[in-house]
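Asker: Below, each chain spelled out in residue letters.
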Amino acid sequence: MSASANFLGFFYFLREVGLPVSMTEWLTLMEALARGHGKADLSTFYRLSRALLIKREGQFDRFDQAFGAYFKDIETTFELDDELYQWLENPVLPRELSDEEVAALESYDLDTLREMFEERLKEQTERHDGGNRWVGTGGTSPFGHGGKNPAGVRVGGKGGGRSAMQIVGERRYRNLRSDRVLDTRQMGAALRKLKRLARHQGPLELDLDETIDQTASNGGEIDLVFRPERHNKVKLLLLMDVGGTMDPHADLCERLFSAAHAATHFKAFKSYYFHNCVYDKLYTDMAQFKGVPTDDILKEVDNTWTLIVVGDAWMSPYELTHVGGAIQYSYRNAKPGIRQLMELAERIPKNAWLNPEGPRIWHAQSIAMIRRVFPMFELTLEGITEAVDHLRGAKVVEPLSGIDAIREYTASR
Amino acid sequence: MTAPQFTGTQNYLASPDLQDAVNVAIALERPLLIKGEPGTGKTRLAEAIAETLDTELLSWNVKSTTKAQDGLYVYDTVARLNDARFSDKDISDISQYIKLGALGQALKADKRVVLLIDEIDKADMEFPNDLLHELDRMRFFVSETGEEVVAKHRPVVLITSNNEKELPDAFLRRCVFHFIAFPDEAQMKDIVEVHHPKLDQELLDQVMKRFYWLRSLPEIRKRPSTSELVDWISALLRSGMEPSVLEEELPFLGVLLKREKDLDAARNPPPRRRYN
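These protein sequences, in sequence, are chains A and B. Start counting the first sequence at 1; every next residue gets the next number (this note's numbering). Start counting the second sequence at 1001; every next residue gets the next number (this note's numbering).
One or more hints might be untrue.
[To be verified] DEER-style ranges, computed between Cβ atoms:
| # | chain 1 | residue 1 | chain 2 | residue 2 | range |
| --- | --- | --- | --- | --- | --- |
| 1 | B | Ile1098 | A | Leu400 | 57 to 63 Å |
| 2 | B | Glu1249 | A | Phe269 | 36 to 42 Å |
| 3 | A | Val225 | B | Gln1019 | 48 to 54 Å |
| 4 | A | Gly393 | B | Ser1216 | 47 to 53 Å |
[To be verified] Pairs of lysine-lysine residues, derived as DSSO-like cross-links and limited to a Cα-Cα distance of at most 27 Å, are as follows:
| # | chain 1 | residue 1 | chain 2 | residue 2 |
| --- | --- | --- | --- | --- |
| 5 | A | Lys267 | B | Lys1108 |
| 6 | B | Lys1122 | B | Lys1063 |
| 7 | B | Lys1198 | A | Lys233 |
| 8 | A | Lys335 | A | Lys299 |
| 9 | B | Lys1063 | A | Lys233 |
Bear in mind the hints are in silico, worked out from the structure with no lab data behind them. Glycine is no exception: its CB is placed at the ideal position from the N, C-alpha and C atoms.
Working from the sequences, and respecting the hints, build out all of it.
Answerer: Quick look at the structure:
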């Protein structure tokens, strides 16, 4: 009997719950099982499958839950070599529970559950699948642990060492969970192109080509030539719109943010938040309105910096054009928002606006206005790449014409 | 299975998870990727594995400027250029100017060795991908001499990462992965026992209490690690201090905390968190 047929259901289940297990990794696990690893008990199998299938600690929590859901109830009789192999030959996948079923399960309290469980164990003489009373796979019995029945009683647990269900049930890796790691790397890779290498003061390295040239013209007498190492000189100011209409895009923005943060190749990196539009203050903590005057930040940056603004630019036009137009009721801005944006753009000419909303709505009044100040790109991998090309000067995109009209308009106020 | 199983060593305690991960990586001949907080013994694991397998450990400490090629070999052009000025050496033999890196040496070794690629995340983002080919096929080509080095024994490859950068998926797929969680109090006591056998129980309890309290302070940015705890206990033992002193003060705090701000935070903990 081949091992791979038995556990394939688990593979599909992991992918179903969003764990990107590849076929290569799955086959590696099969190979390990065939070599006799992880056969001893469910705990060993748990450790083995986690080491081979899951490569980011941020996904451990989800894996624990998935493992608990898939293998719940098995532990009482677990002998991987015979029982589990046979049992799982036709794996019974946990079926989707309706809200009603979930509610019914949640209504049990723990003590009742424990009593019921003890009774059930006395009654149980054979394996049972898919029912609602017996301990078995794929059922709605509240026994088992984790997964779809948060109020369930853990089944099994051997004397001595800790059982797999205990471990997965503890959800030790909850803090490490981060659902946004998946695309952070791709974004990081796109941002990475921003890097501009330049040689200036610093530790020296040997310039081999020059050394050979010099040595040759020296008649073979070695003349070592050194030059400073290359360093990245990009300084990035990242401003992000949060809250309100940006909420649906929070996840995407967080990914960009962590990508930029994780990028260690910037010479300097500053990031601030704003709500809808940049006014007199930029925030380090939006929830608590902790912030820094925008003018102070402008003093710290200059035209050697790069500015990336992330926002949907979607607001009522008066939030851009009016003194006191800011959407926060308690806050009165002294300068019209669009003027503040223009000052930013003038201070840092290397700039780009990334919009999580697609170009479909870019004709909206507030967006069109901001596009006259900043060249706008969509917040997608493609858009970021275009923006980076623009910022590097490889393929410059001009803002829409008509900035003078806005300048006159705001000057008159 | 005839190969010796890794169960930790006298000086290195390995959890069952870690033992399984090491053994399966050795059996499947896959690189073992180890992540975890600094000071959780990632590097020392390599020494322990080499000890178990009774073989040599080759270390490759990755830096931000490290290229994949450096691990295979470096062609020392300058030395050859230099030798060209004198007639006492035969510079036509290029192979004497090929210096093998740690990976190159591991592949060329006459027996199975342990190769540690330490802190892979320090290098450029594409570095891990550049290594894939050699790690998969366990062979490389020295273009200067036309020689191909093929591993006679696939080395046991251990890779550590401090999570400074995300590693590429293609690379991750090929690895066995283990995350070393920071030891809990019970595990930590076992670890301390290895370094300080027969430690006074009262001192141990006090030290543990204070150590985990320090680690729980959110103000502390660089949290003290296992090795710092072990050093701290050494310092306390040498001073012959009474364990009860720890209830009142934290002597030799500089051994545990290295940043000025962290020291301040520990000396004047904010009122909302009270010791015990």
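Asker: Hint compliance check: list the failing hint numbers for this structure, sorted ascending.
Answerer: 5, 7
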